[in-house]
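> Turn these sequences into a full structure, and let the hints steer you where they fit.
Line order of the protein sequences matches chains S and E.
All letters in the first sequence, in the order written, are residues 17 to 420 by the working numbering.
All letters in the second sequence, in the order written, are residues 17 to 420 by the working numbering.
Any given hint could be a false lead.
If several chains are the same, the list does not tell them apart, and a pair holds so long as it fits within one copy or across any two.
Unchecked claim - Straight-line distance between alpha carbons at most 16 Å, and here's what the computed EDC-like set of lysine to aspartate or glutamate pairs gives:
| # | residue 1 | residue 2 |
| --- | --- | --- |
| 1 | Lys324 | Asp187 |
| 2 | Lys39 | Glu329 |
| 3 | Lys219 | Glu22 |
| 4 | Lys222 | Glu279 |
| 5 | Lys26 | Glu131 |
| 6 | Lys39 | Glu112 |
| 7 | Lys163 | Asp51 |
Just so you know, these hints were derived from the structure itself, not from any lab.
Number of protein chains: 2
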Amino acid sequence: MITVNEHYSKLQASYLFVTIARKVKEFQDVNPDVDLIKLGIGDVTKPLPATCVDAFRKGVDEMADEGSFRGYGPEQGYPFLREAIAKNDFTGMGIEADDIFISDGAKCDTGNFQELFSIDARVAVPDPVYPVYVDTNVMAGRSGTWKNGRYEGLYYLEGNSANGFIPAPPDEKLDLIYLCFPNNPTGQTASHDQLALWVEYAKKNKALILFDAAYETFIRDESLPKSIYEIPGARDVAVEFRSFSKTAGFTGTRCAFTVVPRECRAFTTEGDAVQLQPLWNRRHSTKFNGVSYPVQRAAEAVYSPEGKQQVRELSDYYLGNAAIIRENMEALGFGCIGGENSPYIWVDGKRDSWAFFDLLLSAGVVVTPGSGFGRCGEGYIRISAFNDRNKVLSAMDRIKASIS
Amino acid sequence: MITVNEHYSKLQASYLFVTIARKVKEFQDVNPDVDLIKLGIGDVTKPLPATCVDAFRKGVDEMADEGSFRGYGPEQGYPFLREAIAKNDFTGMGIEADDIFISDGAKCDTGNFQELFSIDARVAVPDPVYPVYVDTNVMAGRSGTWKNGRYEGLYYLEGNSANGFIPAPPDEKLDLIYLCFPNNPTGQTASHDQLALWVEYAKKNKALILFDAAYETFIRDESLPKSIYEIPGARDVAVEFRSFSKTAGFTGTRCAFTVVPRECRAFTTEGDAVQLQPLWNRRHSTKFNGVSYPVQRAAEAVYSPEGKQQVRELSDYYLGNAAIIRENMEALGFGCIGGENSPYIWVDGKRDSWAFFDLLLSAGVVVTPGSGFGRCGEGYIRISAFNDRNKVLSAMDRIKASIS
Numbered sequence: 017m018i019t020v021n022e023h024y025s026k027l028q029a030s031y032l033f034v035t036i037a038r039k040v041k042e043f044q045d046v047n048p049d050v051d052l053i054k055l056g057i058g059d060v061t062k063p064l065p066a067t068c069v070d071a072f073r074k075g076v077d078e079m080a081d082e083g084s085f086r087g088y089g090p091e092q093g094y095p096f097l098r099e100a101i102a103k104n105d106f107t108g109m110g111i112e113a114d115d116i117f118i119s120d121g122a123k124c125d126t127g128n129f130q131e132l133f134s135i136d137a138r139v140a141v142p143d144p145v146y147p148v149y150v151d152t153n154v155m156a157g158r159s160g161t162w163k164n165g166r167y168e169g170l171y172y173l174e175g176n177s178a179n180g181f182i183p184a185p186p187d188e189k190l191d192l193i194y195l196c197f198p199n200n201p202t203g204q205t206a207s208h209d210q211l212a213l214w215v216e217y218a219k220k221n222k223a224l225i226l227f228d229a230a231y232e233t234f235i236r237d238e239s240l241p242k243s244i245y246e247i248p249g250a251r252d253v254a255v256e257f258r259s260f261s262k263t264a265g266f267t268g269t270r271c272a273f274t275v276v277p278r279e280c281r282a283f284t285t286e287g288d289a290v291q292l293q294p295l296w297n298r299r300h301s302t303k304f305n306g307v308s309y310p311v312q313r314a315a316e317a318v319y320s321p322e323g324k325q326q327v328r329e330l331s332d333y334y335l336g337n338a339a340i341i342r343e344n345m346e347a348l349g350f351g352c353i354g355g356e357n358s359p360y361i362w363v364d365g366k367r368d369s370w371a372f373f374d375l376l377l378s379a380g381v382v383v384t385p386g387s388g389f390g391r392c393g394e395g396y397i398r399i400s401a402f403n404d405r406n407k408v409l410s411a412m413d414r415i416k417a418s419i420s
Numbered sequence: 017m018i019t020v021n022e023h024y025s026k027l028q029a030s031y032l033f034v035t036i037a038r039k040v041k042e043f044q045d046v047n048p049d050v051d052l053i054k055l056g057i058g059d060v061t062k063p064l065p066a067t068c069v070d071a072f073r074k075g076v077d078e079m080a081d082e083g084s085f086r087g088y089g090p091e092q093g094y095p096f097l098r099e100a101i102a103k104n105d106f107t108g109m110g111i112e113a114d115d116i117f118i119s120d121g122a123k124c125d126t127g128n129f130q131e132l133f134s135i136d137a138r139v140a141v142p143d144p145v146y147p148v149y150v151d152t153n154v155m156a157g158r159s160g161t162w163k164n165g166r167y168e169g170l171y172y173l174e175g176n177s178a179n180g181f182i183p184a185p186p187d188e189k190l191d192l193i194y195l196c197f198p199n200n201p202t203g204q205t206a207s208h209d210q211l212a213l214w215v216e217y218a219k220k221n222k223a224l225i226l227f228d229a230a231y232e233t234f235i236r237d238e239s240l241p242k243s244i245y246e247i248p249g250a251r252d253v254a255v256e257f258r259s260f261s262k263t264a265g266f267t268g269t270r271c272a273f274t275v276v277p278r279e280c281r282a283f284t285t286e287g288d289a290v291q292l293q294p295l296w297n298r299r300h301s302t303k304f305n306g307v308s309y310p311v312q313r314a315a316e317a318v319y320s321p322e323g324k325q326q327v328r329e330l331s332d333y334y335l336g337n338a339a340i341i342r343e344n345m346e347a348l349g350f351g352c353i354g355g356e357n358s359p360y361i362w363v364d365g366k367r368d369s370w371a372f373f374d375l376l377l378s379a380g381v382v383v384t385p386g387s388g389f390g391r392c393g394e395g396y397i398r399i400s401a402f403n404d405r406n407k408v409l410s411a412m413d414r415i416k417a418s419i420s
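Now the structure itself:
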C-alpha cells in the first residue's frame with residue numbers, strides 16, 4: 017500500500033496569500049466599482065530591462081538555427097553566467113564561478129537546500145518568516161507538530177521592536193539557521209557587526225547559515241553588507257541565495273543562483289567535516305536540468321554596462337515608491353521599519369494585523385498582514401513598493417483619507 | 017552540529033555519463049584528429065520548430081512592455097498551456113487542465129514526486145533504469161545499502177531477452193512503481209494489455225504507478241498506448257510525466273508537465289484514501305515558482321496546426337535515423353530492440369557492454385554502455401538517434417568497417 021508522507025498533514029492549510037485572495041474577492045463582489053491598488057504580494061511591475069530583452073531575443077534566435085542551437089546545458093548553469101556573477105557580485109570575496117549554481121528561483125533553492133541535511137537537524141527560522149523556510153522543513157519532517165501557532169520542533173528567532181527585528185544569536189545550540197537580509201517581510205537590514213555575530217556563532221557551534229539575499233539590489237547604504245561573504249570566515253559556514261527576480265524584474269522569467277563556496281562544510285555524525293559543494297552539485301544535477309538557455313543569456317546581460325545602469329534605474333524606481341510609502345505612513349503616526357534599503361515597509365499598525373488589513377482593504381488598498389508571517393508579525397502589516405508610482409501615490413491618498 | 021543527510025553517502029560515485037566523458041577525453045587526447053560521432057546522450061540536435069520560435073519571441077516582446085509584462089505566473093502553469101495539453105494530448109481520457117502541472121523538466125518531476133510518500137514505501141524500479149528514479153530514492157532514504165551492484169531496499173523489475181525488456185507485475189507487493197514507455201534506455205514499448213496488467217496490479221495492491229512517457233511522441237504504431245490513461249482505471253493509480261524536450265527539441269529551453277488526475281490516490285497508514293493532486297499542488301507551489309512565461313508560450317505553439325506538423329517532422333527525422341541504425345546493426349548480426357517507436361536502439365553487443373563501448377569508441381563512435389543502466393543492461397549498448405542524418409550514416413560506416 018502506497019502511504020503518503022505523513023509530515024504533509026502537519027502543514028497549515030490556510031496559506032497567507034490564499035486568505036488574502038479570498039478577502040479581496042469578497043470585497044470586490046460587494047464593491048465591483050472599486051479599482052483596488054495592490055501593495056501586497058512582492059511582484060515587480062516594470063518590464064524587463066531593454067538590454068536583457070535584447071539578449072533574451074538573441075538567445076531565442078540562436079535556438080532557431082541548427083548551427084547555434086543548444087540542447088542540454090550544464091545543470092549548474094553556463095560558464096558565461098557563472099563567471100559574470102562571480103566577477104561582478106562577489107569581487108574580492110573569494111567566490112569563484114564554480115561556487116555558483118544557476119537555478120530557476122531562489123524559492124526553489126531555499127526550499128530544496130535542506131535536503132542535504134539530516135532529519136534531526138535543529139532548524140532556526142526567523143519570526144516573522146518567509147513561509148517557504150518553514151513549510152519545506154515541515155515536509156521533510158523536521159518541524160514536530162503544530163501547537164499554539166508554532167511548530168514544536170523549530171526554533172523561532174524572534175524579531176520585535178526591542179531588537180529592531182534583527183534577532184541576535186541565542187545561547188541555544190542550533191544547526192541550520194535561515195537568515196534573510198534585506199528581510200522579507202520586514203525590510204530590515206543587518207550590519208556587518210550583526211552578521212559577524214552569526215558567523216562567529218556558526219563557527220563556534222558547527223552550524224550552517226542559509227543566507228537569503230534575494231533583495232540585496234535595494235541596499236543603498238554603503239556601510240551595509242550586500243553579501244554574507246563580506247564577513248571574514250563566512251565562506252566556511254554560509255550558503256547564499258540570490259535571484260534576478262527583484263534585481264532585474266525576472267519574477268516571470270525565472271533565474272536565480274545559489275552560492276556554495278568550496279570551503280563550506282557540514283559534518284558526519286562522527287564530527288568529520290564534509291564539503292557541501294559536491295553534495296549540492298549532486299543534488300542539483302540529479303533533480304534539476306539547468307535553466308533555459310535564452311533566459312541565462314538575458315540574466316548575463318544584467319552585468320553589461322547598460323544592464324547595470326538599467327537594473328539600478330529599476331531598483332531606484334521601486335525605492336522611490338518605498339520612500340513615499342514610508343514618509344506617508346510615518347506622517348500618519350505609524351512606526352516604520354524598512355523601505356530605505358528594501359522594497360518592503362513594515363508598519364506598526366497599532367492594532368491587530370488583520371483588522372488593519374481589513375481597514376485598508378475597505379479604503380481600496382491591499383497590503384499583507386504581518387501576522388501571516390508568524391506570531392511576531394502580529395500588529396504589523398507589510399507594504400510592498402512594487403507598483404506604479406501613480407498607484408502608490410493614490411494608495412497613500414486613500415489611506416490618508418481613511419485613517420485621518 | 018549540522019550533519020549531512022547520511023543517505024547521500026550511499027549514492028554511487030561514478031555516474032555513467034561522467035565515465036563516458038572521461039573515456040572520450042582519454043581517446044581524444046591520444047587521437048586529436050578523429051572527429052568523434054556522438055550517439056550517446058539523448059540530446060536533440062535540430063533547432064526549435066519555427067512556430068515555437070515565433071511564439072517564444074512574442075512572449076519575450078510582451079515582457080519588454082509595461083502593458084503586457086508578466087510577473088509571477090501561476091506555479092502550476094498558465095491556463096492557456098494546461099488547457100492546450102488537456103485538449104490535445106488526452107482527448108477522451110478524462111484528463112482536465114487542472115490535472116496538469118507545468119514544470120521545467122520531467123527529470124525534476126520524476127525526481128521530486130517521491131517526496132509525497134512515506135520513507136518506508138517499497139519502491140520498484142526497472143532494470144535497466146533511467147538513473148534518476150534510483151538516485152532520488154537513495155537520497156530520500158528508501159534504498160537501503162549498496163551491495164553487489166544493487167540497493168538492498170529497492171525492488172528491481174528485470175528486463176531481459178526472455179521478457180523483451182517488458183517486466184510483468186511480480187507476485188510481491190510493491191508500493192511505488194516506476195515504469196517508462198517508450199523506454200529509456202531500451203526503446204521498448206508496452207502494449208495496452210501489458211500496461212493493463214500493471215494498472216490491475218496497482219489497484220489490487222493499492223500501489224501507485226509513476227509512468228514516464230517522455231518519449232511518447234515517437235510512437236507510430238497506432239495499436240500502442242501513448243498515455244497510461246488509455247487504460248481504463250489508470251487515473252486512480254497512475255501519475256504520468258511528459259516533456260517538450262524530445263517532442264519539440266526543448267532540452268535547452270526547459271518545459272515539461274506532470275499529470276496528477278483528481279481521482280489519483282494514495283493512503284494514510286490507517287488505509288484511508290488520500291487524494292494526491294492537492295498534495296502535489298502543495299509541493300509544487302511551495303518549492304517551485306512556475307516556468308518562464310515566454311517558454312510557456314513557446315510550448316503552447318506545439319499545439320497549433322503548424323506546430324503539430326513541425327514537431328511531427330522533427331520526430332520523423334529522428335525516427336529515420338533510428339531506422340538506419342537498427343537496420344545496419346541488424347545487418348551486422350546484432351539483435352536490436354527499439355528504434356521503431358523510439359529514438360533509442362538497444363543493441364545486444366554479444367560481449368561486455370564496456371568492451372563494446374570501447375570497440376565503437378576506437379572506431380570513432382560514442383554510444384552508451386547498457387551496464388551503466390543496471391545489471392540487466394550488461395551485454396547491451398544504447399544507440400541514440402538524436403543526431404544529424406549524415407553523421408548517423410557516417411557512424412554506421414565506421415561501425416561496419418570496424419566490426420566486419
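> Confirm or reject each hint.
Hint by hint, here is what the structure shows:
{"no.": "1", "hint": "Lys324 with Asp187", "verdict": "neither (42 Å within a copy, 63 Å between copies)"}
{"no.": "2", "hint": "Lys39 with Glu329", "verdict": "neither (34 Å within a copy, 50 Å between copies)"}
{"no.": "3", "hint": "Lys219 with Glu22", "verdict": "neither (34 Å within a copy, 22 Å between copies)"}
{"no.": "4", "hint": "Lys222 with Glu279", "verdict": "within (14 Å within a copy, 47 Å between copies)"}
{"no.": "5", "hint": "Lys26 with Glu131", "verdict": "between (18 Å within a copy, 15 Å between copies)"}
{"no.": "6", "hint": "Lys39 with Glu112", "verdict": "neither (47 Å within a copy, 28 Å between copies)"}
{"no.": "7", "hint": "Lys163 with Asp51", "verdict": "neither (39 Å within a copy, 65 Å between copies)"}
Checked against the numbered hints given earlier, the structure breaks hints 1, 2, 3, 6 and 7 and satisfies all the rest.
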